[in-house]
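Produce the complete structure using the sequences and hints provided.
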Amino acid sequence: MVTPTRVPLQTLVLLCFVVHPSRPVCVDIPSETDAVLGKSMKLTCISCIKRDEIKSKTHVDWYYMPNKEKDAPPNKTHIYKYDVDSPVESDGPFKGRLEWNGSQDLQDVSIRIINVTYGDRGIYECVVHRQFEFDSFKPSVSLTKEIKLTVKAKATGDAAALYSEIMMYVLLVCLTFWLLVEMVYCYRKISKSDEQALDTANRSEREIMEANSDKKRPGEEPDRQTNKKIIESTLHQFVLT
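Positions -24 to -1, 1 to 217 (mature numbering (1 follows the signal peptide of the UniProt record, and there is no 0)) are the ones given, in order, by the sequence shown.
Careful, some of the hints might be misleading.
Here are the in silico distance ranges between beta carbons for each label pair [stated by the list, open to error]: (1) K18 x S116: 49 to 57 Å; (2) D10 x T120: 16 to 24 Å; (3) I99 x V146: 38 to 46 Å.
Once the Cα atoms are required to be at most 30 Å apart in a straight line, the calculated DSSO-like pairs of lysine-lysine come out as [said to hold, decoys possible]: (4) K121 x K168; (5) K114 x K33; (6) K124 x K33; (7) K52 x K128; (8) K57 x K114; (9) K71 x K52; (10) K57 x K31; (11) K124 x K71; (12) K114 x K26; (13) K15 x K124; (14) K26 x K57; (15) K15 x K114; (16) K52 x K165; (17) K121 x K26.
It should be emphasised that the hints constitute simulated quantities derived from the structure, not laboratory data.
Even glycine gets a Cβ: it sits at the ideal position worked out from N, Cα and C.
Below, the structure is given as structure tokens:
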């Protein structure tokens, strides 16, 4: 028979053998599109792998296109690539201003622009090519994402964040006012109860004294012990009610 105190220890030992180490969760989020002049800007490109236990070779290419006009052919320039486990920066206007900002498992293949200029406005294209390695065949998949980047002279506040902050302060003020009202209400209620108890005790004492004075015989002192018991009994009944 297993004692109850030994069950948690055995369960913990069993979990140590059964539970595998947790792996990071891949979440595909859109990239920021508003850059600030002179600051750095991350161009986010995420390509999640559903079966990360499968081996694969990943090749990433980044392209830049100026804001193209309507019905005009795209002028695409290759600016960055990741191949054979190493990032390579291409020659051109971005030379020396790009750095790898991706993850080791190559699910996040983002890059970062250093010292953003007005000339960096345009469309950035992220192309991810994966070739999976199986015993009999090697399938491949490709993913393309576009990021339209704008450059501003100064950072502008997020309207949603500002609205959330205002609502937070309003909620705090309302809660503080509600707590103050509750404290005043409780204080008045307790004070009123104390006053009622005191009035009841005084009234009972007066009634007892009047009754004793009516029944008092000449030369006989009232029974103080009896009066005290009557007062305590009256207070006890008031508290119970």
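Hints and how they fare:
1. K18 x S116: 49 to 57 Å: This hint is violated: roughly 27 Å between Cβ atoms.
2. D10 x T120: 16 to 24 Å: holds (22 Å)
3. I99 x V146: 38 to 46 Å: Since I99 and V146 have Cβ atoms about 41 Å apart, the given range 38 to 46 Å holds.
4. K121 x K168: Violated, at about 71 Å.
5. K114 x K33: Holds: K114 and K33 sit about 10 Å apart, inside 30 Å.
6. K124 x K33: Roughly 28 Å between the alpha carbons, so the hint for K124 and K33 holds.
7. K52 x K128: With a Cα-Cα distance of about 23 Å, the restraint between K52 and K128 holds, given a limit of 30 Å.
8. K57 x K114: With a Cα-Cα distance of about 22 Å, the restraint between K57 and K114 holds, given a limit of 30 Å.
9. K71 x K52: holds (16 Å)
10. K57 x K31: Given pair K57, K31 holds - Cα atoms ~20 Å apart, limit 30 Å.
11. K124 x K71: At roughly 20 Å apart (the allowed maximum being 30 Å), K71 and K124 satisfy the hint.
12. K114 x K26: It holds: about 16 Å lies between the C-alpha atoms, which stays within 30 Å.
13. K15 x K124: Holds, at roughly 17 Å.
14. K26 x K57: Since the Cα atoms of K26 and K57 sit roughly 23 Å apart, the hinted pair holds (cutoff 30 Å).
15. K15 x K114: Measuring from Cα to Cα gives roughly 42 Å; hence the hint is violated.
16. K52 x K165: This hinted pair is violated, its Cα atoms lying about 77 Å apart.
17. K121 x K26: holds (18 Å)
When each numbered hint is compared with the structure, violations occur for hints 1, 4, 15 and 16.
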